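Student: Taken in sequence, the protein lines are chains R and D.
The opening position of the first sequence corresponds to residue 1 in the numbering used here, with each subsequent residue numbered one higher.
The opening position of the second sequence corresponds to residue 1001 in the numbering used here, with each subsequent residue numbered one higher.
Hints are computed from structural coordinates only; laboratory data are not their basis.
Treat the numbers as computed from the prediction; the structure is a model and nothing was measured.
Ideal placement from N, C-alpha and C gives every residue a C-beta, glycine not left out.
One or more hints might be untrue.
[What the hints assert, rightly or not] Taking beta-carbon pairs under 8 Å as the criterion, some of the chain R residues facing chain D (in silico): (1) GLN52; (2) LEU53; (3) PHE64; (4) TYR74; (5) PHE136; (6) TYR147; (7) THR154; (8) ALA156; (9) TYR157; (10) TYR168; (11) LEU170; (12) LEU181; (13) GLY303; (14) THR312; (15) LEU317.
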Amino acid sequence: MEENKNPEVEVKEAEAVTAAEPAGKAAKKERPAKKEYVPKTARGIYFKRYWQLYAMLLLPIIYFIVFKYSPMYYVLIAFKKYSIVQSVSEMPWAKNHGFEYFIKAFKDKDFIYALRNTVFLNLLDILVGFPIPIIFALILNELRFKYFKKTVQTIAYMPHFLSWVIIYGLALQLFAPSTGLINLLLTKMDLESVHFLDEGKNWVKTYIGLGIWQSFGWNSIIYLAAITGISPELYEAASVDGANRFQKMWHITLPGIRPTIVVLLVLALGNIVSSNFDRPFALQNNLVMKNAEVISTYVYKNGIKGLQFSLTTAVGLFQSVVNVIFLLLANWFSRKMGERGIV
Amino acid sequence: MKVDMIDERRGIYSLKIRFGDYVIVFLCVLISIICILPMINLLARSLSGPDYLIKREVYLWPKGLNFDAYATVLKDPKYTKAFFWTVFLTVVCTFASLAMSTLCAFPLIFNRLKGRKVINLLITITMFFNAGTIPNYLLMQKLHLLDNPLVLIIPGVLSVYNMIILRSFFYGIPDSLREAAEIDGASFFAILWKVYLPLSKPVLATLALFYAVGRWNGYSDALMYMKNKDFYPLQLLLYNILNNINQVEVSTQEGFSQPGLGDALKAAIVMFSTIPILCIYPFLQKYFIQGVTIGAVKE
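This is chain D alone, in the form it adopts within the complex:
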């Protein structure tokens, strides 16, 4: 019998590699190259000597290999400070967000809970209708959160989308587990802590990734609500550097004294602020795929 493709899921096996397979592999390689090429180019530029960049000789491999740009970045307290501040912010936000999402999602899976429908409705409405940028700004003003580092933590602490992912996951845990615990006299806090959370590790990992990436990559809240440069997250600092805002104070660095910063240095800073996320996400791939898929399923 002739079978034309191998697919474990479909229970079809064939070791013969056909022309079509080559085409598909070729396409996939092409797509991967497109995805990764800008990063390689960036890396090459960040490691190249400034002269080679201007001489237009840098393609995908560094020329005049040196680590000066990275050394400059690491030596400058401005970057390292912003880096550690952002790491701290990300960790705090992630834990606070996970706690809030859990507290919000867990009670809402009890069908017997009175007022559950109203709460669900009120939460869903906020997904579709948002007061807008200016009302939010005025609120922050009113709450004295402008220029307060808490503004980078509290307003975004709960994402409805992520909460719904968690709620859907909680729904998937068999009711019998919960009921058994209830009969044993466990309080709801104990049920959440000892039954639900241990079972939800994969989805919690996914949410942690989503929240952490969101905080690490976010800059618009700091742009709008923060004037104090000491509390700028890394991304906003990066934005200002890329656009040569406040360049005067930095352009005195040796070797990079052209207007604004040298391309190599800019590339190094971009690389510097990208690496943490790139180091983490591949390990969580299995989980976040699950998270996205759960999120797509309606309640």
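Just chain R, same shape as in the assembly:
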């Protein structure tokens, strides 16, 4: 106890010393030069002490300003007529009070498809894909053999580490129309072979299926962690009362991870108009564009490839704004339900 207290005393002394000395020196040296710098002592000491922390933050802050905030200035071209020779401020404003390109986007059939597909695919992802990691976590939690459990986990996490290009490569081999494993098995069972990747509706199923395959193991980690947090006494009490395994799962484990489920669901719903680029772009091909084009790939094709910068910036801005609104709404709803928010 005494040993613990001593440093505290020293802290105070040390601080008093450092507070007195440099302040005194600084005051003598600098006061004649800069008369107006009044709150010298406190601030001077503060920076003398903490300048290192600010020095550390320098690079990250520059990074955020340059790569995260400065591009926000270019968002203005959504409201302007883009020209390659002019700077953003020189470009003339677009028609219709600057909203010309937003109107143009909503008149563009391809954009409407992209918007529809984005929402539709995200909804399907949630509807089909959301419960699976929960179920997997519950199953894994009931597994009694430690090493076997670890092996299953390692295998189930594997797909998360594969890039979408690799998964596309896997899918091409697995689903190849005549020689792929799945179609070989289908024809063996006297069923017709299926074009998984180049027929619109099948493509959607494959897209969702591969998404689940890639992420269910990884997403279960968080539920498994939440399950670890449930008090063992609850299970013991339930055992004493004669509850069976399924009853315990239903009445203890599931309610125990409810907050986690709600937060993740809210987050997923909030991201309903957002679109990841890697997954749809790697999986799509020209035959399925009507079902596969999403906003991010639309922006890439019409913007970076098609050079319609104003139009695609408008689309991107629309997506960002709607996304933020959805997230805030979801957050508000989650709080209203009495659960933890995400923001």
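On the provided structure of chain R, position chain D as indicated by the hints.
Tutor: Here is chain D on its own, set in the frame of chain R:
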């Protein structure tokens, strides 16, 4: 007393294996098979002779076992060059990202730091609002980063999500350690270097894995900002090969002269670009589980 399941955490032990256990083991085996089946199929196809593939005889075991496809991949400087370039890129990016994340996370755990809240807010906003693809593209143009290999390193050097994981971990380290060092007159750099970093090895390993996997698997930045094929990362090269883009120059390989590349060769290339990650992640499993869990906890 009858107890119906064994669970060390819950302090319940029973050696009796019940019917339910068989069901669960069965389900787990099934799930594992689903996860690993595509990889086995890929491996089998990459090792099979092209004739057997066309004759539809390859299931999960290679037929006409040969390593021609792999030999072709390894002999072609295009793949090996892209491979080593991507390895180099991954290593550089991982270290740069770890350094940046540390520099960003460490100062922000000091409650006394003035301006900390503002900085935190500004960083959090970037998680929810992104300028968008085209503004970012125009920025790269302005900074003369288009077609510059640095574009594959700098713009993604700091991930807010990973930084928050690290910050949460730093928060968990007792303040008393830091204060003791401060009293001994250690500078903040010394505290970071000698106290915080040694204690943070597990979480740093996790972040290194996340950053490395992100770089290894990423292709969209190269797709958007890179036209010079010499600097294509492996994944983008793979994408072009799978989609038979620029197939003319490669289709002259002996034995694979059908339009585009033979399936076996494609499978071999996919395998080739997957293996490094598959070799690393199982060893870091203990750590990344921790990382994901920390990341889920709000500040």
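Student: It remains to establish, for every hint, whether it holds in the given structure.
Tutor: Status of the hints after comparison with the structure:
Below 8 Å, beta-carbon pairs count as interface contacts, and GLN52 (chain R) has one with chain D at about 4 Å; its hint therefore holds. Look at LEU53 (chain R): its Cβ gets to within about 4 Å of chain D, closer than 8 Å, so that hint holds up. For PHE64 (chain R), the shortest C-beta to C-beta distance to chain D is roughly 6 Å, which falls under 8 Å, so the interface hint holds. The interface hint given for TYR74 (chain R) is met, as the beta carbon of that residue sits about 4 Å from the closest beta carbon of chain D, less than 8 Å.
Taking 8 Å as the C-beta contact cut-off toward chain D, the hint placing PHE136 (chain R) at the interface holds, the least distance being around 7 Å. Checking TYR147 (chain R) against chain D: minimum C-beta separation of about 12 Å lies over 8 Å; hint violated. Annotation: interface hint on THR154 (chain R) holds; nearest CB of chain D at approximately 5 Å, less than 8 Å. Annotation: ALA156 (chain R) was flagged as interfacial toward chain D, and the flag holds, the nearest CB pair being 5 Å apart, inside 8 Å.
A distance limit of 8 Å between C-beta atoms decides the matter here; for TYR157 (chain R) the minimum to chain D is near 7 Å, and the interface restraint holds. Against a cut-off of 8 Å between C-beta atoms, the interface hint on TYR168 (chain R) holds, since the closest Cβ of chain D lies about 6 Å away. The closest approach between the C-beta of LEU170 (chain R) and any C-beta of chain D is roughly 4 Å, which is under the 8 Å cut-off, so the hint is satisfied. Below 8 Å, beta-carbon pairs count as interface contacts, and LEU181 (chain R) has one with chain D at about 5 Å; its hint therefore holds.
Because the smallest distance between the Cβ of GLY303 (chain R) and any Cβ of chain D comes to about 5 Å, under 8 Å, the interface hint for this residue holds. Here the hint on THR312 (chain R) is kept, as its CB sits about 5 Å from the closest CB of chain D, short of 8 Å. Contact between LEU317 (chain R) and chain D, as hinted, is supported at the beta carbon level, the nearest pair being about 6 Å apart and thus within 8 Å.
The earlier numbered hint that this structure contradicts is number 6, and it is the only one.
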